[in-house]
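Chains A and B are the protein sequences, given in the same order.
The numbering of the first sequence is numbering that gives the first Met the number 0, which starts it at 0 and goes up by one.
The numbering of the second sequence is numbering that gives the first Met the number 0, which starts it at 0 and goes up by one.
Hints were generated in silico from the structure; no laboratory data involved.
It should be emphasised that the depicted structure is a prediction, and the values quoted were computed from it without experimental measurement.
Be aware that one or more of the hints could be misleading.
[What the hints assert, rightly or not] Pulled from the structure, derived: some chain A residues nowhere near chain B, Cβ distances all over 12 Å:
1) PRO61
2) ALA63
3) ASP65
4) GLY114
[What the hints assert, rightly or not] Computed footprint of chain A on chain B, listed as stretches where at least three residues anywhere in the stretch have a Cβ under 8 Å from a Cβ of chain A:
5) 7–14
6) 101–111
7) 247–259
Virtual Cβ for every residue (Gly too), placed ideally from N, Cα, C.
Listed here are the chains, written in short residue letters.
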Amino acid sequence: MQEYCVGPAEAIAEGGRLVVDCDGIEVGVFRLKGALVAWHNVCPHRQGPVCQGRIYARVIEPVAADGTTRLLAYAEDEPHLVCPWHGYEFDLETGRCQGRAAMRLRPARLREDGGVVYVSL
Amino acid sequence: MDAKPIPAARPLPVQEIDVFTDTREVLRHAQQGARKRGFQDWLICDVDAHHVETVNWHEMVRYIEDPVIRHQAMLFHQEKTGGAPYGLNGDAGLKYQDVGGCIPHQAGVREPVDDTSVHRDVTLTRRAMQALGIDYMVLFPTPMLTLGLHPQPEMEVHLSRAYNHWLIDNVLKVDNRIKTLAYLPFNTPREAEAMIGEFADQPGVIGFCVPSVRHKALHHNDYMRCYAMLEELGKPVAFHAAYHWQDPSLATVNRFLGMHALGFAWCNMVHMTNWILNGIPERFPKLKSIWVESGLAWVPFLMQRLDDQYLMRPSEAPQLKRLPSEYMREHCWYTTQPMETVNMKALQVTLEMINAESQLLFASDWPHFDFDLPQEIYDLPFLSEQAKRNILGLNAAKLFGLDPRPVKTL
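Isolated chain B (complex conformation) (with noise of 0.2 Å):
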């Protein structure tokens, strides 16, 4: 009897992943994931998935409202030479996310895009949202998370007035499984309220969003009209993290990694911390705040500290009637990446206290180092799978008016 023969291993197309791969074939794993895990029947919205608005940005100053500086950074792009984007203030080269090549996908998504019908943002948002899974994707700027620093405040409104109609135009009309919460320029408040007014009807506007990275308090009496407005309208506010390494309290921190760590959850515990203790909740207690890309982990020690102290010194916070923590519990809801997984223990008593089975919201970060997956929820072994439901969408349909149906197909 003759041997079997033996079977030919059939070599991948794409030997070593780099800048110019595929998306679908950078997620590939992930899409064999979702199918595995059924998610065609999960409703799956992700709440934090970026896009580098940078790369658009000689198309987004054209939409600058001031003739004048519009004129002036039309001319930047056209006649500058070194490819700074107009106005944009920043950390220039600190940019080491991709760990010095390591991590392809965070140093660029330079993949070929032969569909000239949608702008590329749309096909790549589109490619990552297959790939995961997602029903509806949250897509917020990247470097602009650090425009509430902005020496010049009315270059925040330009800017991000500039941005919001960019990608209504060019991505939200486009596909309405894309998403935004459209940025507020807080340094400015009567501005943001002009926006809050202007943008809530847009298309594709769930929501506004303030980034954390700025040292105007948010609790500064100029800001509750529109925490009014927001409370009047249904519209939750998102505070989202970002690092900034020219933060004096990070000044001692060298490596980018440790800046990243404590950055990142630094801006909203601060942040959390003042909206907590001046009583926001209670003057609003129907505003929705969603505290975006801190990870998890950073919750309950706030809550211990913040209900220790509390008790110690209520006069000092004479508007809560009740603990920090729940307040934290039942007016915040938090996105889950980057979720800490290493102590498994710790995970489980984190999402207890925050409440995860209402609370929670998945957001994956796509494209950047520390992304998550849908699946890292799914496999949680400690939750139900009404909890799990919950957190890869049903919380979002329901804070965000969304369908609860999944339109996917994966």
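Next up, chain A with everything else stripped away, as it sits in the complex (with noise of 0.2 Å):
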């Protein structure tokens, strides 16, 4: 396993990401709820360029009481990460694909010492 250099944890921001480019193996780096996630950047979809994707809150369409629906929602504690290429929403937390759990992203491994963040590849 290959370890990387990423770069200083400080300049990835709340909300903010840093994709790079391993020698070959890309990885996004994203911050999220005061801590740091890594993905790799191909989508289980169809490897499209996941972690260049935007980021949305998950949809959520509330129903009261009495079954009936009015307005769509934002979950704004569920970031969803949005394939480019073909929409596919998947939760920035956890890699799960949303409406299909089986499908998730990659993890990578992430290590930070020193205020300087690492990737294991």
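Each of the two chains sits in its own frame; use the hints to bring them together as a complex.
What follows is the structure, given as structure tokens:
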């Protein structure tokens, strides 16, 4: 397993990202709720550049007690990473695909040492 | 002994893809996949890709044949505010394909293009071909696919003629790897016949297209002359699907997802039903029909449905000498996209039922949100290598008379 230096942790702000190339293997490092999380930049659907996609909060549709609906809403604490190729959505925190739990993003091992971020591949 | 230095990762130049990102960057993984699979030695024909013709509408209207309509259209684009394309019908703002900005290349391909020696659409098409590993790409318009519903039949004629001429002059003459199936204004059969005669030998025209969203039946006697001409010329006719939310049969569907999923299959299901039950393949046995952008799952459904019903009521389809499904698997060709892949067992049965080895044609539908890549065919575990080669390019080469040798450089 080879380790790569991604850069200073402070360079990745809350809600931000740094997508890097490690000798041909691409990884996206994201800061979410203060913590860092890293995923391979390969969508499990069709190998699209998922880590270069937009981040949206998960869309929900609240249902009233009488079974009716009126508005859509964003679940602000559930950011989704959306693959720019086909729109597949993945929970940024768990990597789980919306609607297809068996499909997940591939995690990359992450280490923070002295304010510097490293990934192992 | 000193510890080995830890190599530095290199930040990608594009951190977040948007509508201004270069197609080659958006599809960088596709090109890597194409190289990895050795597509350099595979002929790959993309039988359905698109450009957004309305971006060039102000150029295109100069090709309108009618001098009065041409003059009015040019003034419209010089003076009118609001940016609507002159004379084009359609569903205005109901274009939600990009899922609220989730899929930028669907919203717009607005990347910089420095090369002014060729039309911008040539450069954009070349970039997509290069990234996907395509040898020949068949280009279709996009908003014009609902022109068949135009309240002015003559406007369908004006605009489709202008579009065909514009495309030939600005794109097809420039790059012989870019092809088209020229638009036929089917609401005016005599004009469609004239177009077949006029465009059949034009550069890059390898067949003709009838957009499937329309309310005139394809089996109407008015069209028999067109079919006879196409059969004689050996030029295929493609029925290109689209959605149409004003279709009364979709009036209760409130989600774009549902309307799009049904609409793109439904229009061709209706036309195919008429095509078969009225015996068009019996009347024109050498006429090649291609059913474009409806996916594939509808085909086995319709085969089974029509076979069962036909056997109980053969007197209502007296021209048929065989089962409807037999005509559908021998006289009709299908494009792959959007290929339904969640249930691979169902897909395998589908490909067997439609005789994919000879009848299936790869299509990407780039740059639309549900585009497919050639690797989807290459990676199917149940196909022989020959079947994959046929689907990806050799079936199209045979159908359109293209050189089967790969010409791209990956």
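So, going through the hints one by one against the coordinates:
The non-interface label for PRO61(A) is consistent with chain B: the shortest C-beta to C-beta separation is roughly 17 Å, beyond 12 Å. No beta-carbon of chain B comes within 12 Å of the beta-carbon of ALA63(A); the shortest separation is about 18 Å. With a cut of 12 Å on Cβ distances, ASP65(A) stays outside the contact zone with chain B, its closest approach being about 19 Å. The Cβ of GLY114(A) lies farther than 12 Å from every Cβ of chain B, with a closest approach of about 15 Å, so its non-interface assignment holds.
Only residues whose beta carbon comes within less than 8 Å of a beta carbon in chain A count, and the stretch 7–14 of chain B has 7; three or more means the coverage holds. Closer than 8 Å: that is the beta-carbon criterion, and the stretch 101–111 of chain B has 4 residues meeting it against chain A, so the requirement of 3 holds. Coverage of the stretch 247–259 of chain B by chain A is violated in this model, with 0 residues showing a Cβ closer than 8 Å to a Cβ of that chain against a need of three.
The earlier numbered hint that this structure contradicts is number 7, and it is the only one.
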